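Letter by letter, the chains look like this.
Number of protein chains: 2
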Amino acid sequence: MSSQTTTMLSARWHPPSYDIRVEDVPIPQIQDPDDAIVKVTLAGLCGSDLHIYRGQLPIDKIHITGHEFIGEVIKLGSNYGPNAAQPASGRPDLYATLNVGDKIVAPFTVNCGECHVCRLGYTGRCPAGALFGSPKLDGGQAQYVRVPKAGGTLYNLSSHTSWSSSINTPGADFENHLKGIADSSLLLLSDILPTGVFAATQLLSHPKMQPVLTGRAWPPGLYSTVANNASMLSEEDRMITIGVIGLGPVGVCATVALLDDLARRDLPYRVVAIDLNESRREKMKKVYETIHPDGKGSKGEFVVQGFEDAKATVAKWTGGVGCTSIMEVVGNNGALTSAYELVRSFGVITSVGVQPPKNVPFTGQQLYDKNISLDFGRCPVRAMFPMAFELLVRRQDVFGKVGTESSLIDRIVGLEEATEMYRAFDKGEVGKVLFDPWK
Amino acid sequence: MSSQTTTMLSARWHPPSYDIRVEDVPIPQIQDPDDAIVKVTLAGLCGSDLHIYRGQLPIDKIHITGHEFIGEVIKLGSNYGPNAAQPASGRPDLYATLNVGDKIVAPFTVNCGECHVCRLGYTGRCPAGALFGSPKLDGGQAQYVRVPKAGGTLYNLSSHTSWSSSINTPGADFENHLKGIADSSLLLLSDILPTGVFAATQLLSHPKMQPVLTGRAWPPGLYSTVANNASMLSEEDRMITIGVIGLGPVGVCATVALLDDLARRDLPYRVVAIDLNESRREKMKKVYETIHPDGKGSKGEFVVQGFEDAKATVAKWTGGVGCTSIMEVVGNNGALTSAYELVRSFGVITSVGVQPPKNVPFTGQQLYDKNISLDFGRCPVRAMFPMAFELLVRRQDVFGKVGTESSLIDRIVGLEEATEMYRAFDKGEVGKVLFDPWK
Ligand SMILES: NC(=O)c1ccc[n+]([C@@H]2O[C@H](COP(=O)([O-])OP(=O)(O)OC[C@H]3O[C@@H](n4cnc5c(N)ncnc54)[C@H](O)[C@@H]3O)[C@@H](O)[C@H]2O)c1
Ligand SMILES: NC(=O)c1ccc[n+]([C@@H]2O[C@H](COP(=O)([O-])OP(=O)(O)OC[C@H]3O[C@@H](n4cnc5c(N)ncnc54)[C@H](O)[C@@H]3O)[C@@H](O)[C@H]2O)c1
Ligand SMILES: [Zn+2]
Ligand SMILES: [Zn+2]
Ligand SMILES: [Zn+2]
Ligand SMILES: [Zn+2]
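Chains A and B are the protein sequences, given in the same order. Residue numbering for the first sequence follows our numbering, beginning at 2 and increasing consecutively. Residue numbering for the second sequence follows our numbering, beginning at 2 and increasing consecutively.
Worth flagging that the hints you see were computed from the coordinates, not collected in a lab. Model, not experiment: these values are computed from the prediction. Check the hints yourself; a few may be wrong.
Identical chains share a label here; the pair holds if one copy fits it or two copies do between them.
What the hints assert, rightly or not - DSS-like cross-link-like pairs, simulated, lysine-lysine; straight-line CA separation at most 30 Å:
| no. | residue 1 | residue 2 |
| --- | --- | --- |
| 1 | K312 | K137 |
| 2 | K312 | K359 |
| 3 | K371 | K359 |
| 4 | K359 | K428 |
| 5 | K137 | K440 |
| 6 | K312 | K402 |
| 7 | K76 | K180 |
| 8 | K62 | K40 |
Work the whole structure out from these sequences, hints included.
Structure (structure tokens):
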């Protein structure tokens, strides 16, 4: 950034709705000693951007859009430096190790990394947090972006010391892996891949999934002195039947994360992936064919259908019992209702869809009568990063491509096309788009 | 039962509401080869009976009330006998081992014990099941009761071979323990004690509880090759703060189960137990004093309050963050709303209340914004029995008493008093009542 340049290109949302303008605005500056300024190399357009785009939220502040970006650090606040993160300070390492010139990827929300909530791993709900591309914090669909609490928020892709200790794959050489991974692929770490892994992780770690996963019946043996009423489960009893509702980019990531985990467990499973939209279903099929070129998983059965067909499939598969669990990756009451219809008694519904300010479509009696468990909410991306990164490396066949039938990313365009891309993405005319603000 | 006697005393519900009559009816007979006829020695009156009593359900069939009973087997269908449960048959052992004269306790629902759902441990939702004291199946508030699928349903208290193998406390002599336990105490196994243990078990086994319980941050390490971003949790981070809403008999059982489990983990905790009703709060305090005569738990803090005071307590304890998790043991929208208000982001609400046919009082946005997890539903009593029995034995100081300030059971009366007891129980004038149909 030359000293003369004081403005930059950006995409900005204008009230009340459907109004994205490409505009010159001042380059952001350090406002707080914990800030970093990042030069954006790629920014993603995401289904979540549409909630604001469509005017579904009560917002009137003009702001720069976009919560998915990757880039390079060009300025650091005064709190950075070799002595910034002494162990006694409780500050994240990155305050000491982050340098101008480092390549970074950001989660879609800021988090401090040093409070109670962050330490528990619930980084998506850090009280000092904010969502990029919201009235509270300008987003990444611009040439530069200001990152508050950058030492707690960013992942440094140039120097792994700050996070590679949490990755522990025997024999894996992540420094080398990283060299082979395109920026367009690494950008998926800012949101949709960790969110997919989050959905699969919530689902598979739920105690009501443990009977099918471990062969040990309910209840989990919490009293160490009481054995489980164990292991009379037949192979058919342990058949895992999972529904995925919503096959946008996040739904595809969730499905890949789920299939990957199930394959590692080497357990038989049946998955039905559901979307209203034919082109979304086609994409999902192509992704599955990429993962399993022989047309089927090691021990798995996988079908992609509309809801009515899926209902019939589940009834046939389970003799009317229903799915062991459901991932809801849509964010509306229609999808939640479908989830309830498909799930078995003592089933689990994990929802990562951003839900509207409407009552959820369940009576208490319905939830009681089926012994339903539900999980809602935002992905704590910063905490999911190690798992998501591992999956990204392992599944470059899916996550490494742009513009193919099976790729999640449809195209990379200049920021000048933002207005048109929002329109086309909203209409379902394009898949996932990335902006290169320097193109 | 002499051959002349063909009728028995029973309490029957009459439509539309508030009409319990003590009536002579025919003694039930074997209708199916899997049936047993049980002579009832004690039957419980329970908060759940009030849903039907008050006419809250669309029922018009006159039927015998009561889903909690203990008694003695007096007749068995033709499917019982030494050769009835060959391993190849898949039939529960009890078809071979149950004898006329055996003392039994029944869960509040019938379950076959030999289907997929039962094998998973979800016995409360067996497709062949039915609730005692409902239009579908006459209840236990009578001198005799017919038990369908008795080989899958009953626990034999005379011969432990069918279930003691699942109890494995080193050094414990359950046969001897059993001798010291009153029938009024064993009756608690039919519903309220297992349901309390179920609530505590669901809560403590939820993955979102694991950070505070284990010291390992979210996410749970599902990929075996990825280490958790572990163990930077401070002692204060790991403080477990739990709210219990509703201190009827089930709420007290759930609280005792919870405190018992937390004490065994030897972790610091804070529990706030909440009820609208002063006398319910007083009972809870007395129970706590019984468990911890010194006025406090080993590492715990425990207070009993109304909702507004509890809100202030939780705010003070957690600096505004909220409870780690909540047990809802009421069954109405007021209690669910209170649960949402008190719980933290990434919190868990476990509900065992029987919920009404009304929309739950949450918008999708509220659930998303706080990353809420919810569990609903009926206790699978048959599956919870080993854990509940162990707790019953260990906490005879609470569960072994009748008619004291700290006992769950208020009094034992004859069945003739059923009409008056339903009235008084509904008005909150008496605590838990047991009927001795032979008194
Ligand atoms: N929890 C998080 O942290 C997080 C992160 C990213 C995205 N999200 C949310 O996840 C959801 C999915 O994101 P996306 O980018 O994939 O969105 P998207 O809009 O691209 O995809 C949603 C898909 O759901 C389908 N759909 C709509 N209604 C349906 C129904 N009733 N049944 C079946 N399918 C239906 C649509 O056809 C579409 O393909 C959105 O709500 C998004 O805001 C949440
Ligand atoms: N899930 C199961 O398998 C199962 C088994 C047994 C009972 N239950 C249900 O559990 C619930 C509790 O059973 P119980 O026998 O203890 O009932 P109960 O009626 O004796 O106790 C309920 C308590 O909740 C209190 N209460 C009501 N509204 C409240 C509010 N808004 N905030 C705080 N407290 C409130 C009441 O004052 C009362 O003390 C009932 O709904 C019952 O039907 C469920
Ligand atoms: Zn996104
Ligand atoms: Zn934080
Ligand atoms: Zn009961
Ligand atoms: Zn069954």
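Results of checking the hints against the structure:
When the C-alpha separation of K312 and K137 is checked against a cutoff of 30 Å, the pair qualifies only between copies, where the shortest distance is 29 Å, while the shortest distance within a copy is 42 Å. Both within a single protomer and between protomers do K312 and K359 lie at most 30 Å apart by alpha-carbon distance, with minima of 25 Å and 26 Å respectively. With identical chains, the CA atoms of K371 and K359 are at most 30 Å apart both within one copy (22 Å) and between copies (15 Å). Within a single copy, K359 and K428 get their C-alpha atoms as close as 24 Å, which meets the 30 Å cut-off; across copies the closest is 36 Å, which misses it.
Within a single copy, K137 and K440 get their C-alpha atoms as close as 28 Å, which meets the 30 Å cut-off; across copies the closest is 71 Å, which misses it. For the homomeric pair K312 and K402, neither the shortest alpha-carbon distance inside one copy (33 Å) nor that between copies (51 Å) is at most 30 Å. Taking CA atoms no more than 30 Å apart as the test, K76 paired with K180 passes inside one copy only; the shortest distance there is 24 Å, against 76 Å between copies. For the homomeric pair K62 and K40, the shortest alpha-carbon distance inside one copy (24 Å) is at most 30 Å, but the shortest distance between copies (73 Å) is not.
Comparing the model with each earlier hint shows a violation of hint 6 alone; every other hint is respected.
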